[in-house]
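Asks: Note that the protein sequences, when read in sequence, are chains A and B. Anchor point for the first sequence: position 100 equals 100 in our numbering, and the numbering is continuous, going up by one each time. Anchor point for the second sequence: position 94 equals 1094 in our numbering, and the numbering is continuous, going up by one each time.
Fair warning: there could be bad hints in the mix.
Claimed, not checked - Listed next, the stretches of chain B that the computed footprint assigns to chain A, with coverage defined by at least 3 CB atoms under 8 Å from CB atoms of chain A:
| no. | stretch |
| --- | --- |
| 1 | 1008 to 1015 |
| 2 | 1024 to 1035 |
| 3 | 1072 to 1086 |
| 4 | 1097 to 1105 |
Unchecked claim - The following residues of chain A were derived to be distant from chain B, with all beta-carbon distances above 10 Å:
| no. | residue |
| --- | --- |
| 5 | Arg17 |
| 6 | Ala28 |
| 7 | Gly66 |
| 8 | Cys67 |
| 9 | Val79 |
| 10 | Leu105 |
| 11 | Glu109 |
| 12 | Leu126 |
| 13 | Pro139 |
| 14 | Pro164 |
| 15 | Pro187 |
| 16 | Gly188 |
| 17 | Ala220 |
| 18 | Ala226 |
| 19 | Leu390 |
Since the hints were derived computationally from the structure, they do not count as laboratory data. These numbers were taken from a predicted model, which means no experiment stands behind them. By construction, the Cβ of each residue, glycine as well, lies at the ideal position given by its N, Cα and C atoms.
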Amino acid sequence: MSAHAAPTALLPPTVPRTPGEAVGLLAAREATGALRGPLGSVYLTDGLVTHAESDRAPDLGDLLTGCGRLAPGEWRELVEVHGPHARVAAALVDQGRITRGELELGHLETLFDAAFFVLADTGGGLWRFETGARHWLGPVAAVDAARVCRESERRRHLLDGIWPWPQLDTAPVRPAEAARRPSRRPPGRRRRELLDHADGRRTPAELARLLGRSGFGVTADVRRLAAAGLLDSAPAVVPGPVSVPGPAAASAPAPAAVPVSVPEPVPVAAPVPAQPPPPAAAEPAPAPEVPRSGGLHRRVPGATLTGAGAPGAVAAGAVTSVPAAGSTAYGPRPLGAHALGAHAAGAPERGAPAPGAAPRSDRPPIPAAAHPLTVPDPDIALLTRVLTLLEARL
Amino acid sequence: MPGIDECLSGAMAITGARSASLVDWSSGLALGSLGESPAGEHETTAAEATDLVRAAVESQTFTASEDRRAPLQDIIVTAGRSYHLICFIDTVFDSRLVLHLWLDREEGNLAGARYRLQALAEELVLG
């Protein structure tokens, strides 16, 4: 993993072909200045990387204002006053705003973060080196250029290993249907927060700045959430009117928006698979809904399981299981089954399932696992093919 | 006021210390390392320690009933010849950092090393 960039440093090519090679070349010449590319800049001092900045990665100021340590106005003032002398870092410590350790940690994190976006950019474009340019933050730490390049390369591989879908990194992201189900909350506080802030308009970079987190960390979390089927990119919303077909196709979820506003976020929301839930499907719902004045679980029109109309069945089903009729008869759409929290795929004979829900053990977690995207290791090759096909159709 | 280097030097001064690293577990990057690496390369060690940390942090079992912001304090791995202490660093801004100390089991004292490492992690942030 670490061997890739090493030759670059040892034998710098005379004409760099990649940003990493350019940095290696500049490092070998012990250059001082800024290498500027389409996505940001990498600053060198005597051949060592001392700063990096990119629109895709929050900088130290974003981190410090994002967590409330500094007010945005305070930060701006610091940069205005001390930036021209490249003494912002020193001023932060001198004024007791942050400790030396915090400065070093924040600086190194943001340096590697921004350098990744700048150096992993293979889009070409205009690159230039501005000799003598110095960063306004001022000296904090200097990192070997080969190490920066190696780390950028490693991070790129890491992202592709999580979910090889680079389009996700720049597109606005939004929660997928599956994410509406409480049972599918992702692990980890940060990922849950990220999911809560993905609104279909913000890109991962904007989310990173909003939450005051590293751009790479958010990008990796976005890809992890996408790999788990909990998040996807908003379909071509940005271009505008042209995008109508995308949202139109996604207009099916509209009815499913209702469950979200239901007071209890109990797994009622049918993930709206193929079938649009017209009145026919909606009909059985109201019947059980009204008698359930206890308010345990409200059926939602179109929440599938139309066969499970018996009131008793619904009451019990809401807790642990549902008459098998529902899940077996509608085998092709087990989503509906586990939308009701049913683990009862194996409860054939029971009209009113026992509270113990013994059938659980019969077939392990069939309904949940039946959802392709809940598999811990999704078949990435297959999904990539599907993705390519879908994209080709747009 | 200690910086990263002083923090790592302090960790290496703990009796029985064989290596000390500051690892960003959001990416697997070693921000700094001292001593010999148990895996031959500090970068490999950092990446592998990251896997362990993430498994713990993202599990319901170890975090559900804890403080949301900083659920874990440290992870201790006891091996035949050594201990691994992985101490979480709590910074005011969002970061995912741990101090990883590889400790010789014969020479080191687990309890003492754990307290010292936590003190170093706090000093690094609080000054």
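Asks: Hint by hint, note whether the structure agrees.
Replies: Results of checking the hints against the structure:
no.: 1; hint: 1008 to 1015; in the structure: violated (count 0)
no.: 2; hint: 1024 to 1035; in the structure: holds (count 6)
no.: 3; hint: 1072 to 1086; in the structure: violated (count 0)
no.: 4; hint: 1097 to 1105; in the structure: violated (count 1)
no.: 5; hint: Arg17; in the structure: 24 Å, holds
no.: 6; hint: Ala28; in the structure: 22 Å, holds
no.: 7; hint: Gly66; in the structure: 7 Å, violated
no.: 8; hint: Cys67; in the structure: 4 Å, violated
no.: 9; hint: Val79; in the structure: 17 Å, holds
no.: 10; hint: Leu105; in the structure: 6 Å, violated
no.: 11; hint: Glu109; in the structure: 6 Å, violated
no.: 12; hint: Leu126; in the structure: 28 Å, holds
no.: 13; hint: Pro139; in the structure: 13 Å, holds
no.: 14; hint: Pro164; in the structure: 18 Å, holds
no.: 15; hint: Pro187; in the structure: 4 Å, violated
no.: 16; hint: Gly188; in the structure: 4 Å, violated
no.: 17; hint: Ala220; in the structure: 7 Å, violated
no.: 18; hint: Ala226; in the structure: 16 Å, holds
no.: 19; hint: Leu390; in the structure: 30 Å, holds
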